Amino acid sequence: MSGAVRTRRLGTAVLALGLLAMSFETCADALPQDLGSLSLEDLGKVVVSSVSKKPQPLSDASAAVYVISHDDIMRSGATDLPGMLRLAPNLSVFQSSPSGYIVTARGFSGNNDAQNFPNKLLVLIDGRSVYSPIFSGMYWDDQFVLPQNIERIEVISGPGGALWGANAVNGVINIITRQAGDTQGGMLWLSAGTREHGEAVQYGGALGQHAHYRVYARDFRRRSFDNSAGQDAHDGWSNPQIGFRVDWDAGGGDTVMLQGDLHDGRVQQVGAVDSRSTEGDVLARWRHTISDTSDFHLQAYYDYVHRRDDASGSGFVLRTGDIELQHSFALGKRHRIVWGIGDRRYHYDITPRVSPVSSLLWDPAVNTQNLANAFVQDQIALGSRTRLTLGLKAEDDPYSGVSLMPSGIVSFKPGDNVLLWTSASRAMRTPTAFDQDVIEKLGTLTLLVGNPDFRREQLTAYEAGWRAQLAARATMSVSAFYNVYDDLKTVEFSPAGLPLLWGNGMRGHTYGLEAWGSYSINDAWRLDAGFSTLRKRLHFKPGASGLLGTSQAGDDPSHHGFIRSVMNLSDRWMLSAELRQVGALPDPKVPGYVELDARLGWRPTDKLELSLSGTNLLHPWHQEYVFPYSDRIARAVSFDLRLAF
Amino acid sequence: MAGLLVVGLACAIGAAAVHAAQAKSPSPVSLEYAVKATYLYKFAPFVTWPPGEFASTNAPFTICVVGNNPFDGYLERAVAGRGFGGHPFSVRRLMSLTPDAHCQIAFLAQLPAQDIRQALAAVSGQPVLTVVDSATPDREGIVQFVIRQGRVGFEINVGAASRNHLAISSKLLSLALAVRDPS
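Note that the protein sequences, when read in sequence, are chains G and D.
For the first sequence, position 546 (counting from the first letter as 1) is numbered 560 according to my numbering, and the numbering increases by one without interruption.
For the second sequence, position 101 (counting from the first letter as 1) is numbered 151 according to my numbering, and the numbering increases by one without interruption.
Hint data in this document are derived by calculation from the structure and do not stem from the laboratory.
Values in this document were obtained by computation on a predicted structure and should not be read as measured data.
Please note: incorrect hints may appear among the correct ones.
Negatives, chain D to chain G, calculated, CB over 12 Å [unchecked claim]:
#1 Glu82
#2 Phe104
#3 Thr107
#4 Ala109
#5 Ser140
#6 Gly203
Here are the simulated DSS-like cross-link-like pairs (lysine-lysine), alpha carbons at most 27 Å apart as the crow flies [unchecked claim]:
#7 G:Lys555 x D:Lys92
#8 G:Lys59 x D:Lys221
#9 D:Lys221 x D:Lys92
#10 G:Lys555 x G:Lys603
Glycine included, each C-beta is placed from N, C-alpha and C at the ideal position.
Construct the complete structure from the given sequences, taking the supplied hints into account.
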């Protein structure tokens, strides 16, 4: 696209936002001055839903935490988790196909040619890890939560090893869903658009006096995209899902939660049957409040995944059982202790891909493994304004034995509304079956084998941050990091040359800055902005093969950022818009892009909401990840209806 | 990047213009917190404190705001000149809640669950009406604000109220979205 056209498009966007700003002035609601004259009954009828974000508590979490609120999610119109995660300034989200996404914090998006996966981010849905232990990394198409059931998403950039364990190297995403009591009544959602169609229905009710439930069903179909050459990629995706959640307040400080989901996804393939993924999970958690300063929870889940590609005959079944116990209490006046233990057992059965051209085999292909962990964290109050947090997690994994992941954080509150913190921590990405047990063949030639001596990828991270609430209207957060990596995954020669082996031949450091802020111009209009920068300095260790270059660790933009405007045009009309910019990917080269998403919502009654959303409005298409592994991401428009009953 | 900056600038200018236009009206608190502030002092007539709670007949009725103050002066302005039972309202901001703070009502604003529990423990057994802003899983405060369908409502834990020697009127209980009595 020529520079002139681009500039004009941007000019249009600027004009549009400017007009919004002007039209807004006429619709700003003044705060009612006469609340004091209302009765208690009438106070309860005042509609307060507003875009001005509650000032974020300067919580004890001394880390680069960005919280995506329920309201942000609903106003974004996002229909899948990666779409919601685009709202976080400290994450990079790349879409490669209708069902394919890569999400990273602080880089390391991996490299397909090197079979290096984006494996340095841990994702938990209500405490259930959805990180794959077979190849390390995420299958984003297997994870879905109905947007209206999400309470919030906490995005922590930076290592979380001391609390969450291995693979929380560069970040942790915690998706927290609403209690069943908060999603009562019926809800119908219909969506039709140029890119996808979806329907969902949910009902929530009471079970006696102290328990609530909800059940939902959802269907979803996303059309095939164009590949990077502009031809139909035949990779359309459908993913129906059902699920439930029950919350029971048993009294005496006991609460019990039980939830489960089941989905069956299908992705089209060129000239072959659909590849499929069936996933089911069930999770139970018992929380007990022992005293005002002490509680514990016991949680167990079971997860079943069956992914298969009948065209090539490959696939796997993975069954995971996990149990964890966590206890927190105050020790004297100064210490708050959290400790926990957990054990995860998984069984996999991998069907190899065998063809005359290339084969992917596993030895062993059927295996049961165990992952045990224990952690303790102590928050120590050093005076009224300073706090020291020390944590240590030990994790025993089947390939590398016990890993120790310590962390130390000092936080200081110079004033009521300012928090300064600095930390040092260690985190690991532990080996998987793919690193140690794989055999790859080209015809009859054994090209690459897993390496039993493959070690953990290691990180030592140094971070510092500043977070402040500037008056009641503005919040700001800035954090900087310096990450030192060692033993990063590489491809090495065996003594005889071939087959190749996985090795740990790369090290280096990265550094960068993440900043975001939010400003409520008034009760009806809020502006959010955020950006992240990343510099990588990686090199091969002496004796390493140097095959595929240091860019195999990931093809990451040096910066990305957004500006978002969220407004209530009136009691009934809402408008939000987000302009985002993502820098170019350096190697392999993918151009950077600027795109605009916008959504106009109308609530003609309290029960009905209609909305019109547009994504990637500035250009017919752009590409977010590497050729030839990613499709063109096209402009899309969608019309949604949400009805409460 | 330049494009982003241009748009940012446009937004900032737009924002500044709007901000300037309405800078005269002192209403920086959100409607949600204005409603919550109003609830706080309107709860008083529906709660009975034990006799001897006030040192004198005109001693102030103290509403304490613990943690981040989301009211930005709104509560002070709202209660100015108002009182209850001859006791003028007074607002105190506290970083942490202690038994000797002499609060009749303590609003725990946007605190981590651990801090909320610690604050509740500090005044357990004391005649303090604890009002918790953000939802904690165990809902151990006496009054818990909740947002339902865009409106501010509240739940009442009568067990916690009786522990603090407070009687809640049936009128207030009837307005609560939920009444809990964890035995």
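Do the hints match the structure? See the list:
no., hint, result
1, Glu82, "violated, 4 Å"
2, Phe104, "holds, 23 Å"
3, Thr107, "holds, 24 Å"
4, Ala109, "holds, 23 Å"
5, Ser140, "holds, 17 Å"
6, Gly203, "violated, 6 Å"
7, G:Lys555 x D:Lys92, "violated, 69 Å"
8, G:Lys59 x D:Lys221, "holds, 17 Å"
9, D:Lys221 x D:Lys92, "holds, 12 Å"
10, G:Lys555 x G:Lys603, "holds, 25 Å"
Hint compliance for this structure: hints 1, 6 and 7 are broken, all remaining hints hold.
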